[in-house]
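Engineer: So the chains spell out like this:
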Amino acid sequence: MIGYIARFICALVVWAIAAVVTGCTHSTHVRAVNTAAAALETTAEAIRVEVERRIPGDVEARQLYRQRMWPVVEALTAAYAAHDAWRVLVEQGASESAVLAAAARAREAFCELASVTRELAPRVPTEGLCWQVAP
Amino acid sequence: MTRVIIGLLTAAAGLARDIIGIWREETPTPRAANREPLEKIRGALGDDARDDGLAVMERNIIERSKR
Numbered sequence: 000m001i002g003y004i005a006r007f008i009c010a011l012v013v014w015a016i017a018a019v020v021t022g023c024t025h026s027t028h029v030r031a032v033n034t035a036a037a038a039l040e041t042t043a044e045a046i047r048v049e050v051e052r053r054i055p056g057d058v059e060a061r062q063l064y065r066q067r068m069w070p071v072v073e074a075l076t077a078a079y080a081a082h083d084a085w086r087v088l089v090e091q092g093a094s095e096s097a098v099l100a101a102a103a104r105a106r107e108a109f110c111e112l113a114s115v116t117r118e119l120a121p122r123v124p125t126e127g128l129c130w131q132v133a134p
Numbered sequence: 000m001t002r003v004i005i006g007l008l009t010a011a012a013g014l015a016r017d018i019i020g021i022w023r024e025e026t027p028t029p030r031a032a033n034r035e036p037l038e039k040i041r042g043a044l045g046d047d048a049r050d051d052g053l054a055v056m057e058r059n060i061i062e063r064s065k066r
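The listed protein sequences correspond, in order, to chains A and B.
Heads up: the first sequence begins at 0 in numbering that gives the first Met the number 0, then just goes up one per residue.
Heads up: the second sequence begins at 0 in numbering that gives the first Met the number 0, then just goes up one per residue.
The hints are simulated quantities; they were obtained by calculation from the structure and are not laboratory data.
Beta carbons: idealized from backbone N, C-alpha and C, even for Gly.
Don't take each hint at face value.
What the hints assert, rightly or not - Quick list of simulated restraints, FRET-style, between CB atoms:
{"#": "1", "chain 1": "A", "residue 1": "Ala5", "chain 2": "B", "residue 2": "Asn33", "range": "22 to 30 Å"}
{"#": "2", "chain 1": "A", "residue 1": "Arg61", "chain 2": "B", "residue 2": "Ile18", "range": "25 to 33 Å"}
{"#": "3", "chain 1": "A", "residue 1": "Pro124", "chain 2": "B", "residue 2": "Asp17", "range": "54 to 62 Å"}
{"#": "4", "chain 1": "B", "residue 1": "Ala31", "chain 2": "A", "residue 2": "Arg61", "range": "28 to 36 Å"}
{"#": "5", "chain 1": "A", "residue 1": "Gly127", "chain 2": "B", "residue 2": "Arg30", "range": "17 to 25 Å"}
Said to hold, decoys possible - Here are some of the chain B residues that sit facing chain A, going by a computed Cβ distance under 10 Å:
{"#": "6", "residue": "Gly13"}
{"#": "7", "residue": "Gly20"}
{"#": "8", "residue": "Arg30"}
{"#": "9", "residue": "Asn33"}
Based on the provided sequences and hints, a complete structural model is requested.
Structural biologist: Okay, structure coming up:
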């Protein structure tokens, strides 16, 4: 009987360790998703300020500016979409590999956004945007 | 002995419930990024920004070919 109790206690200890490890991993992913959301919002807001400040009044120049800035809008939209996909997986408690793959895709989209923004709107700060996604 | 085991199981179940409850309360939820700035950028540039861009490119090509 004492053997059964010892096994039961061992199983409890193993379960507790597994629960703590799973909980810590989940919290790490949640923090990474939220940090990335904040970084994305900051960049998007800086781009908005830059666009609203720079957009010309002249119709022709306005069209050229729109054409020039369109890749930034596309990169920003892609970064939002990738972040959302990653967030949903973390929220659903998806497998570690799926969450990490989504995080890698989001990081790639963020890096692309940083690159395009540096090229087309150099006044917008993008430092760290590429690295804030890594869990 | 059976009573001891039942007591231990009950205590373990209660402890597990408490731990999961505390963990759920303390764990923050992943939040979506605020899309308002993106919508404002789209609004400032115009929803037809891409079409405008293509129209300008097309016009430039036509003008160049005329010369």
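Engineer: For each hint, tell me whether it holds in the structure or not.
Structural biologist: To see whether the hints hold, each was checked on the structure:
1. For the hinted restraint 22 to 30 Å between A/Ala5 and B/Asn33, the CB-CB distance of approximately 53 Å leaves it violated.
2. The beta-carbon spacing between A/Arg61 and B/Ile18, approximately 59 Å, falls outside the hinted interval of 25 to 33 Å.
3. One distance hint, 54 to 62 Å for the beta-carbon pair A/Pro124 and B/Asp17, is violated here, with the actual separation near 45 Å.
4. Evaluation of the 28 to 36 Å hint for B/Ala31 and A/Arg61 yields a pass: the beta carbon distance comes to about 31 Å.
5. Look at A/Gly127 against B/Arg30: about 19 Å separates their beta carbons, and that is inside 17 to 25 Å.
6. The beta carbon of B/Gly13 is not positioned within 10 Å of any beta carbon in chain A (closest approach about 12 Å), and the interface hint is therefore violated.
7. About 12 Å separates the beta-carbon of B/Gly20 from the nearest beta-carbon of chain A, more than 10 Å, and the hint is not met.
8. Hint on B/Arg30 holds. Least Cβ distance to chain A is approximately 6 Å, under the 10 Å limit.
9. Interface hint at B/Asn33: satisfied, since its Cβ lies 5 Å from the closest Cβ of chain A, which is below the 10 Å cut-off.
Hints 1, 2, 3, 6 and 7 from the earlier list are contradicted by this structure; the remaining hints agree with it.
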